[in-house]
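Participant: Residue numbers (UniProt numbering): 1 to 351.
Since the hints were made in silico from the structure, they are not lab data.
Take these hints with a grain of salt, some might be off.
Unchecked claim - Computed cross-link-like contacts, DSBU-like style, restricted to lysine-lysine with a CA-CA straight-line distance of at most 35 Å:
{"id": "1", "residue 1": "Lys181", "residue 2": "Lys204"}
{"id": "2", "residue 1": "Lys180", "residue 2": "Lys44"}
{"id": "3", "residue 1": "Lys297", "residue 2": "Lys223"}
{"id": "4", "residue 1": "Lys116", "residue 2": "Lys11"}
{"id": "5", "residue 1": "Lys222", "residue 2": "Lys297"}
{"id": "6", "residue 1": "Lys204", "residue 2": "Lys180"}
{"id": "7", "residue 1": "Lys297", "residue 2": "Lys138"}
{"id": "8", "residue 1": "Lys180", "residue 2": "Lys223"}
{"id": "9", "residue 1": "Lys180", "residue 2": "Lys222"}
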Amino acid sequence: MTATQNDKTEKMNLRSALIERIGGYMTAHSIGVAAELGLADLIKDGVRSSEEMAAESGTHEPSLRRLLRTLTAVGLTTEPEPGCFALTEVGAQLRSDSPDSLRAFSRMFCHPILLKAWLGLGHSVATGERAFDHIYGKDFYSYIATEEEEASVLFNEAMSEESRIAAGQLAAGYDFSGAKKVVDLGGGDGTLLAAILPTQPHLKGIVFDSAAGVAEAPDTLKKAGITDRCEARAGDFFADIPTDGDLYIIKSVFQDWNDEDSLALLRSCRAQMPDSATLLIVGSVLPETASTDDPIKFFTDLNMLVNSGGRERTESEFRTMLEETGFTVQSVQLQAAGPLSIIEATPAAAR
1 MTATQNDKTE KMNLRSALIE RIGGYMTAHS IGVAAELGLA DLIKDGVRSS
51 EEMAAESGTH EPSLRRLLRT LTAVGLTTEP EPGCFALTEV GAQLRSDSPD
101 SLRAFSRMFC HPILLKAWLG LGHSVATGER AFDHIYGKDF YSYIATEEEE
151 ASVLFNEAMS EESRIAAGQL AAGYDFSGAK KVVDLGGGDG TLLAAILPTQ
201 PHLKGIVFDS AAGVAEAPDT LKKAGITDRC EARAGDFFAD IPTDGDLYII
251 KSVFQDWNDE DSLALLRSCR AQMPDSATLL IVGSVLPETA STDDPIKFFT
301 DLNMLVNSGG RERTESEFRT MLEETGFTVQ SVQLQAAGPL SIIEATPAAA
351 R
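The whole structure should be built from the sequences, with the hints applied where relevant.
Facilitator: Written out as structure tokens, the structure is:
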């Protein structure tokens, strides 16, 4: 191949790389429709024809086949013979019966509500304001709670799915032997403690969140068989948190808040948790400089800008916030809980 041909090939590859990224929203819509239709449940472990799946899903077969071919092009399905499709390991995560299911997560983040909010990204970049509020006239949580009850239920299910893997990794990878009672601040439906406590029979726990946040926690704790050791409490963690814990966990919460609110939460923790207690922050930690290594963290950061007004942070930014609010960082374990990291801190005056 000549130098001129090499140059043309490189230019075509660069062109294709950009166009593929421009089409990212097409990928999201394709996955969202596949999740809504439950295509992964129709395929399951076998090879199914588009004719069979169209009949079972009530869809237009030629159009469904085009969707399935596109899913094959992005790695969710394979087409071993014309018109017949199987799941890849990536696509199998859309199965509703998978322990690693991300079907609800896919449906939520490909939902028209969020996709419409993302149309306001330019507004957020220009003003620093939440695009969601600009488009819908109220914040995300208020909107889905009052206007989109179905989306609110779906969001809670999606967050539970997202938490499941990280919860299992945290339960297996952190040494809980020195703790007696763990408090999960912003613990939602109790997924995290439902993963931790069965592996730690000496531990007791409290799931703490707003009344709406903990509404489903009793059922989760009951299914995990830990109601004798764990309770759900409702409250406002900016004002009043349980004071009887010795290990406090805040998982995937700070990304929802701006710096002012994050500092307020940390000050609330420092003022009310015992001096001998430990604080674990479990969440994404951005690298100090961006690279192509983990784009999901940066997508999440922009999603927070658009929808919640929060942000992801670097290790140095977390250290600064913790030191400012009276904590000393004891360790930072990057990606120690699946994709999430663990920051361990203690009250500065205590140790």
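Participant: Does lysine 138 sit within 35 Å of lysine 297, going by the straight-line distance between their CA atoms?
Facilitator: Given pair lysine 297, lysine 138 holds - Cα atoms ~26 Å apart, limit 35 Å.
Participant: Holds or violated: lysine 180 and lysine 222, Cα atoms, limit 35 Å.
Facilitator: Holds. Lysine 180 to lysine 222 sits at ~20 Å (cutoff 35 Å).
Participant: Please verify whether lysine 222 and lysine 297 have alpha carbons no more than 35 Å apart.
Facilitator: The given pair, whose Cα atoms are some 33 Å apart, holds under the 35 Å limit.
Participant: Does lysine 297 pair with lysine 223 here, judged by a C-alpha cut-off of 35 Å?
Facilitator: holds (32 Å)
Participant: Hey, lysine 116 versus lysine 11, does the alpha-carbon distance stay inside 35 Å?
Facilitator: Holds. Lysine 116 to lysine 11 sits at ~33 Å (cutoff 35 Å).
Participant: For the pair supplied as a hint, lysine 181 and lysine 204, is the alpha-carbon distance within the 35 Å limit?
Facilitator: Given that 35 Å is the threshold and the Cα spacing comes to 5 Å, the pair holds.
Participant: For a C-alpha distance cap of 35 Å, please report whether lysine 180 and lysine 44 respect it.
Facilitator: violated (43 Å)
Participant: Holds or violated: are the alpha carbons of lysine 204 and lysine 180 at most 35 Å from each other?
Facilitator: holds (6 Å)
Participant: Within 35 Å, alpha carbon to alpha carbon, are lysine 180 and lysine 223?
Facilitator: Given that 35 Å is the threshold and the Cα spacing comes to 22 Å, the pair holds.
Comparing the model with each numbered hint stated earlier shows that hint 2 is the single one that does not hold.
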